[in-house]
Amino acid sequence: MFAISLRRALCSLWGAAILLGAGNSFADYPLNLTPGATDTSHKVYDLHMMIFIICVVVCLGVFAVLIYSIFTHRKSKGAVPASFHESTTVEIIWTTIPFLILVGMAVPATTTLLALEDTRDPDMSIQITGYQWKWKYDYLDEDISFFSALATPRDQIEGKAEKGENYLLEVDNPIVVPINKKIRFLVTSNDVIHSWWVPALGWKQDAIPGFINDAWTELKEPGLYRGKCAELCGKDHGFMPVVLIAKTEEDYRAWVNEQKGAAAADAAAADKTWGMDDLMARGESVYQTNCQACHQPTGDGLPAAGFPALKGSPVATGPVAGHLDIVLHGGKKNPAMAAFGKQLNDVDLAAVITYERNAFGNDTGDVVQPSDVAAAR
Amino acid sequence: MSTATTHDDHHDHRPSGIMRWITTTNHKDIGTLYLWFSFTMLLIGGAMAMVIRAELFQPGLQIVDPQFFNTMTTMHGLIMVFGAIMPGMVGLANWQIPLMIGAPDMALPRMNNWSFWILPFAGTMLISTLFMEGGGPAFGWTFYAPLSTTFAPASTDFFIFAVHMLGFSSIMGAINIIATVLNMRAPGMTLMRMPLFVWTWFITAFLLIAVMPVLAGAVTMMLTDRNFGTSFFDAAGGGDPVLFQHVFWFFGHPEVYIMILPAFGVISEIIPTFARKKLFGYSSMVYATASIAFLSFIVYAHHMFTTGMPVAGELYFMYATVMIAVPTAVKVFNWTATMWRGSMTFETPMLWAIAFVFLFSIGGFTGLMMGIAPADMQYHDTYFIVAHFHYVLVTGALFAIIAAAYYWLPKWTGHMVDERLGKIHFWWSVISVNVLFFPQHFLGLAGMPRRIPDYSLQFADWNMISSLGGFAFGLAQVFFVFIVIKTIRGGEKASGQVWEGAHGLEWTVPSPAPYHTFETAPEVK
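The listed protein sequences derive, respectively, from chains C and F. Under our numbering, the first sequence has 218 at position 218, and the numbering climbs by one with no breaks. Under our numbering, the second sequence has 230 at position 230, and the numbering climbs by one with no breaks.
Among these hints, one or two may not hold up.
Below are the DSBU-like pairs computed for lysine-lysine, each with C-alpha atoms no more than 30 Å apart in a straight line [as the list claims (entries may be wrong)]:
| id | chain 1 | residue 1 | chain 2 | residue 2 |
| --- | --- | --- | --- | --- |
| 1 | F | 423 | C | 77 |
| 2 | C | 77 | F | 493 |
| 3 | C | 247 | C | 136 |
| 4 | F | 486 | C | 75 |
| 5 | F | 493 | C | 75 |
| 6 | C | 75 | F | 278 |
Simulated DEER-style distance windows between Cβ atoms [claimed, not checked]:
| id | chain 1 | residue 1 | chain 2 | residue 2 | range |
| --- | --- | --- | --- | --- | --- |
| 7 | C | 60 | F | 424 | 21 to 31 Å |
| 8 | C | 63 | F | 424 | 18 to 28 Å |
| 9 | C | 63 | F | 63 | 30 to 40 Å |
| 10 | C | 158 | F | 25 | 54 to 64 Å |
| 11 | F | 238 | C | 322 | 25 to 35 Å |
| 12 | C | 77 | F | 243 | 56 to 66 Å |
| 13 | C | 156 | F | 120 | 43 to 53 Å |
| 14 | C | 142 | F | 63 | 42 to 52 Å |
| 15 | C | 297 | F | 43 | 35 to 45 Å |
| 16 | C | 96 | F | 193 | 24 to 34 Å |
| 17 | C | 304 | F | 179 | 39 to 49 Å |
Computed footprint of chain F on chain C; a stretch qualifies when at least three of its residues, placed anywhere within it, have a C-beta under 8 Å from a C-beta of chain F [claimed, not checked]:
| id | segment |
| --- | --- |
| 18 | 60–67 |
| 19 | 206–213 |
| 20 | 227–240 |
Because the hints were derived from the structure by calculation, they are not lab data. The beta-carbon is built from N, C-alpha and C at its ideal position, and this holds for glycine as well.
One chain only, chain C, in its complex shape (with noise of 0.2 Å):
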């Protein structure tokens, strides 16, 4: 494994050398910024080519200079020192060259920030609030609400099994826009900084709790794009990535009323009597999305880090109150401990607050029903 994997790095640090020597496409190595899907990110990769270039043609000058006076202008070649110290006509001359080239760039990048900045006249918006480790999405026009987490298994993570081609970059529900709308983004936060970066549409926007920012996008192709939170935010920062997928109006008019078919059968599960393993699968499930990554899987939690174990906790084992408070309301010591009662429904919490009460051996007996969640709220 190790040695495979050493010898596809050595190939590929040689295959870059080839590449950058014969000036051919990088497509295939991963070397340079994404060029993008929208008019916005191809006016970002544009500049960016061209800044690009600049500082490359310039540091080449300068070191062409350098080198050839490197190799020139030694003792060993019996080189006599030059006297000359000091010129004013030349400070001048390299003082404005370089403030004339940044004139140059400040140019486009100030026409490519006013349009990457304009969120004025959106055809729909939509709300992207970040949570310790997930996204929520409201869009504002439609009535639909849904959390999106990663969807990578934890034994790929684990290396305990095979990593799948999109390691990292897979959620269970992804955003869905349509496409040649102009949509409005407004970015905010329930905990920490976080910041919602898709590359393909050519900016990321910080999550700040207590801002509301915006941005915006069009797409003009369907497709799925991927990304990632940008900002450190706590344990799970690398493990919180970003599905976004572009469709057709149609295709788009379709998912948004399965959505709402979904909201309706849930609503309709809350009012049901659930049984024991029901809510037992189920909670497994909710548990690993939500629960497992400061708790871990065997609900050992990680002491050390400051996230208690449930195997056996007070907590989990004590009266079924006093856990329906904790995961409704959140922890009052401890602020990792988020308040669930503002993300799950109460299907999901009566299955996730079941499941912890008899899972890691914790074998209460309990079941907690939808009602009771509902009563405790």
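Following the hints, put chain F in place on chain C, whose structure we already have.
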């Protein structure tokens, strides 16, 4: 070193053994203490970098858990900035400024002792957080609220206290340098005749006094937010998390120039020596340094382009930021012109100085690219910025400190450095550091965020290459410890002049420099 100097001044009544170092007010002793402290911190911070690179060697979680990984990136940054680079530069200042301006010692020797001896305690307190319940600080060296306030481990209060102590130390050191430069120059050493290293440190000292209190303010607000119910940075209490970033970067941006300006000074000493030609554009170098220092105060929010600043703010900070490229370019051009038609030799210090000019330039150019706000929307918080600031701080500031050590070690120890070993160290470091950091440009552009313990598969190859470079570079610095100790213990005797082309007062005293120098002020013509 101490055995060599005792012969020269047997009239000096100083305590021996450990008490000599604890009670010393001698600028050379204190300089030595600073440099050893810096070296120790470099190795500790470097060990943490090895943990980071080992975890990133392959995708998946192999060695550490994500929380501890975040602690490592945080502590690595803090230790390298506050423990290795800044004290390293202060150590050079302590040794060299009095020698270069013909002063018998620093102006405030007792405060000098105090400002050093705060450091080991601050450093120990900072590192001790690793062993506390809940773990050490895990919010990045920029410690953005509310991750560092409401959501931080209990050990954060110790981190805050450590930062306060480091700040006190820096402010005292800076006051001392300003007092020394203004009051202790030998007759004839006018300001515009001062060596450039002294000039750059003099300007840096003003930056330190201006911004360290701002950092102290930021951590004090954190402290009261965490413990006394205030809400400076808590939106739920009417506060503002972005305020933290404004305050932090008002400190943080000048801070990066605090680390690089003395490096400019070192390079401006070394290149003329080995080119055997006077520094080109001395006065423009002084003005460029002052311009960079001034600009550093008014560009800070370019670290915050993605926080939702108004467009007018983004435009202003973009324009102001790219302006810094002008004085920086002037410096690089001046070094180039100094080398041009010189008569160069390539002893170890010169090699490091030349590597500095090349590699710092790369870091400067990527800095310019990130100053362009719309492009920064993509670069921000990726490995592109990681590559940028490591080119500036490792192949910039750290290379300058290493160059300075090779340049002045003969003056400090009385022994020439083994050139063969120095050159091995140089080539080993300069190759491995590029294998380490150059691929990180690609990773960043391809979309790898910084501060993540695990990554998706398209980043695997470059991360492995970067890690291999990292291990090699780390090992090279252990080799440097060996070279330094070997030089202290023996080697070819150094003359007072040391380097053929060297000019300046420090080369007029014997090597090793006697314990007391310039008790009678030299005359500078």
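Quick rundown of the hints versus the structure:
Taking the CA atoms of residue 423 (chain F) and residue 77 (chain C), the gap is about 21 Å. The hint holds against a cut of 30 Å. Simply put, residue 77 (chain C) and residue 493 (chain F) have alpha-carbon atoms about 28 Å apart, close enough for the 30 Å limit, and the pair holds. Restraint check for residue 247 (chain C) and residue 136 (chain C): satisfied, since their Cα atoms lie roughly 20 Å apart, inside the 30 Å limit. Note on residue 486 (chain F) and residue 75 (chain C): the hinted pairing holds, with a Cα-Cα distance of about 29 Å set against a maximum of 30 Å.
Proposed proximity of residue 493 (chain F) and residue 75 (chain C) is supported: the alpha carbons are some 24 Å apart, at most 30 Å. Proposed proximity of residue 75 (chain C) and residue 278 (chain F) is supported: the alpha carbons are some 16 Å apart, at most 30 Å. The supplied range of 21 to 31 Å is met by residue 60 (chain C) and residue 424 (chain F), whose beta-carbon atoms lie about 29 Å from each other. Restraint check, residue 63 (chain C) to residue 424 (chain F): a C-beta distance of roughly 24 Å satisfies the suggested window 18 to 28 Å.
In this structure the supplied range 30 to 40 Å holds for residue 63 (chain C) paired with residue 63 (chain F), their Cβ-Cβ distance being about 38 Å. Take residue 158 (chain C) and residue 25 (chain F): their Cβ atoms lie about 56 Å apart, and the range 54 to 64 Å holds. For the pair residue 238 (chain F) and residue 322 (chain C), the beta carbons lie near 32 Å from each other, so the given range of 25 to 35 Å is met. At roughly 59 Å, the beta-carbon separation of residue 77 (chain C) and residue 243 (chain F) lies within the given 56 to 66 Å, and the hint holds.
A hinted range of 43 to 53 Å for the beta carbons of residue 156 (chain C) and residue 120 (chain F) is consistent with their spacing of about 44 Å. Checking the proposed 42 to 52 Å range against residue 142 (chain C) and residue 63 (chain F) shows it holds: the Cβ atoms sit about 45 Å from each other. Here the CB-CB span from residue 297 (chain C) to residue 43 (chain F) is close to 37 Å, well matched to the stated 35 to 45 Å. Taking 24 to 34 Å as the suggested C-beta distance range, the pair residue 96 (chain C) and residue 193 (chain F) conforms, at roughly 28 Å.
Between residue 304 (chain C) and residue 179 (chain F) the beta carbon distance is about 47 Å. The supplied range of 39 to 49 Å therefore holds. Counting residues of the segment 60–67 of chain C whose CB lies closer than 8 Å to any CB of chain F gives 4, which reaches the minimum of 3, so the coverage claim holds. Counting residues of the segment 206–213 of chain C whose CB lies closer than 8 Å to any CB of chain F gives 6, so the stated coverage by that chain holds, three being the minimum. Only residues whose beta carbon comes within less than 8 Å of a beta carbon in chain F count, and the segment 227–240 of chain C has 13; three or more means the coverage holds.
Of the numbered hints listed earlier, not one is contradicted by the structure.
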